[in-house]
Amino acid sequence: MNPESSPPPTMIDLIKVSKVYPPNIQAVSDVSLTITKGEVVFLTGMSGAGKTTLLRLISRMEKPTKGMVDVAGMDVSKLSERDIHLLRRKVGMAYQDFRLLPERTVAANIAIALEVVYCPRSLIEKRIRELLEQLDLMRKYNTRAGELSRGEQQRVSIARAVANNPEIVLADEPTGNLDAETTARVMALFEHLQRKGTTLLIATHDRALFQNTSHRVVELRFGRILSQSRAEGSDDDLFELAPSLLEEIEP
Amino acid sequence: MRFWAVVVRHACRNMMLTWKSQGMTLFTVSLSVLIFSFFYLVYVNALHIGEKLGDDLRLVVYLDEDPSLPLQEEYRHRILKFDQVERIEFISREQAFKRFEHILGPNNDVLTGVPTDFLPASIEVYPVRTLDSLSRIKRFSDYLQTLPGVLKVQYGKEWIERFYAFIQLMRVITLLSGSLLIMTTTFMVAHTIRLTLFARQQELELLRLVGATNNYIRTPFLLEGALQGGVGACFGLGALLVLYNWIALQFAGPNAISLPAFAFFKWPVVVAIIGLSTLLCVAGSFSAIRRFLHL
Chain A
0 MNPESSPPPT MIDLIKVSKV YPPNIQAVSD VSLTITKGEV VFLTGMSGAG KTTLLRLISR
60 MEKPTKGMVD VAGMDVSKLS ERDIHLLRRK VGMAYQDFRL LPERTVAANI AIALEVVYCP
120 RSLIEKRIRE LLEQLDLMRK YNTRAGELSR GEQQRVSIAR AVANNPEIVL ADEPTGNLDA
180 ETTARVMALF EHLQRKGTTL LIATHDRALF QNTSHRVVEL RFGRILSQSR AEGSDDDLFE
240 LAPSLLEEIE P
Chain B
0 MRFWAVVVRH ACRNMMLTWK SQGMTLFTVS LSVLIFSFFY LVYVNALHIG EKLGDDLRLV
60 VYLDEDPSLP LQEEYRHRIL KFDQVERIEF ISREQAFKRF EHILGPNNDV LTGVPTDFLP
120 ASIEVYPVRT LDSLSRIKRF SDYLQTLPGV LKVQYGKEWI ERFYAFIQLM RVITLLSGSL
180 LIMTTTFMVA HTIRLTLFAR QQELELLRLV GATNNYIRTP FLLEGALQGG VGACFGLGAL
240 LVLYNWIALQ FAGPNAISLP AFAFFKWPVV VAIIGLSTLL CVAGSFSAIR RFLHL
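Going down the list, the sequences are from chains A and B.
In terms of numbering that gives the first Met the number 0, the first sequence has 137 at position 138, counting the first letter as 1, and numbering is strictly consecutive.
In terms of numbering that gives the first Met the number 0, the second sequence has 251 at position 252, counting the first letter as 1, and numbering is strictly consecutive.
Keep in mind the hints are simulated off the structure, nothing from the lab.
Small disclaimer: the values here were computed from a predicted structure and weren't measured.
Using N, Cα and C, we set each Cβ at its ideal position, and we do this for glycine too.
You can trust all of the hints, since none of them are fake.
Facing chain A, a subset of chain B residues (Cβ under 7 Å, in silico):
{"no.": "1", "residue": "Arg1"}
{"no.": "2", "residue": "Val5"}
{"no.": "3", "residue": "Glu202"}
{"no.": "4", "residue": "Leu205"}
Please construct the entire structure, taking both the sequences and the accompanying hints into account.
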């Protein structure tokens, strides 16, 4: 059997996933989505469309109300609290609110992700420097995270998410506070990770991020998948629709 | 190895973060250990002194006349029927006189012309040397008083009763100070750990998100408790040793009152106290983690 002909393994598999927040807020509704290893998928949609909830479901920050979430071969909803670290070590997440420790330095914030997997100090140092170089933050190595601009904090959050070379990277609005040049640096880092086989799921409002790429774009609206398509310029057409939603927006 | 290096680093960071309450806890633990171990030391030494003094403890049963051999056997039989004793000695009037003469030493000429049978015959009963024997002495004495031909029974009644009361008091105080040690260490450590948990809440949540195991998050807090208990106990015992040496110095010298049997704890006891304190603080830390750290 030729290994090159076998399809890449599935890394994220959402099957009819719904999430309802109390009292009765439907954040995600019947979402099914399959992402294979090494794929880059852009998750787009208006505010409140369910992008962040979907990322939180994948990283097991939330449990689905209905449906199955399978990540890197693990049924996330059945994962016990004791074993949750097994998933989190495979999934790196850059949060919309950054989740940095303001009193700690930039280096210390990134080091956290490496310390929990008992990475040797020398390797931690090396990896931090490498990432800060890539994200143009080397001069901020010893600066406290609380003293950084929002754009810089965002980059530190991204660096921490990818520091551990996770199999999957989830990025929630990773370029929301960045200028064009820094956005390009972040995207270059993501492309680099993809080449190494990392699966990326990027939630963004910024259409410019995916307009000239061949990556899959999943559009969410009111918690449902409105469409899945290759980005503009790509040969692929729209390949999935939510008919009920289309009726709503195109009467 | 890496795990413990990280755990130690985190524990140190925790302690730096809440150093004021850490200091207070350390002080409280040290003080509790000092109070407990002081009373325990006094109690243990009192027991020891009791045993030493017990060596000289005897009941002297004065008789109206020298007992014949069959009567001596009868006395011996009756005494042994009541309780076990180390030995029984019969002292005749003449032996009593010789002893008295010996005690007077160079001044024994005062006895010139005094009849050698002016002192009464007696039985010296040496009870078994345990502290309990002290409490049984009175009952023993009452029993001996009922034997035929007995004029009087003598022993250090007041001294024994006071000493026994003192031992009882020390036992109660040691137990109370032990309870104080348990309460203060567990409560104070639990309180400090709770403060640390609140101070590091954001970081702990983040650690969970980046894939830290439960042990990775919990162990530094347990280590923190163990350090507070261990170091606090060392300080407490160190202070007690200083106090002990100071007191020993005050009683040193040829003209001072000697403290024959008073000694500091042996190593196993020191290790046991440090271990107990450490264990209590870990328990306090564990209870705080269970209540306030939701993983």
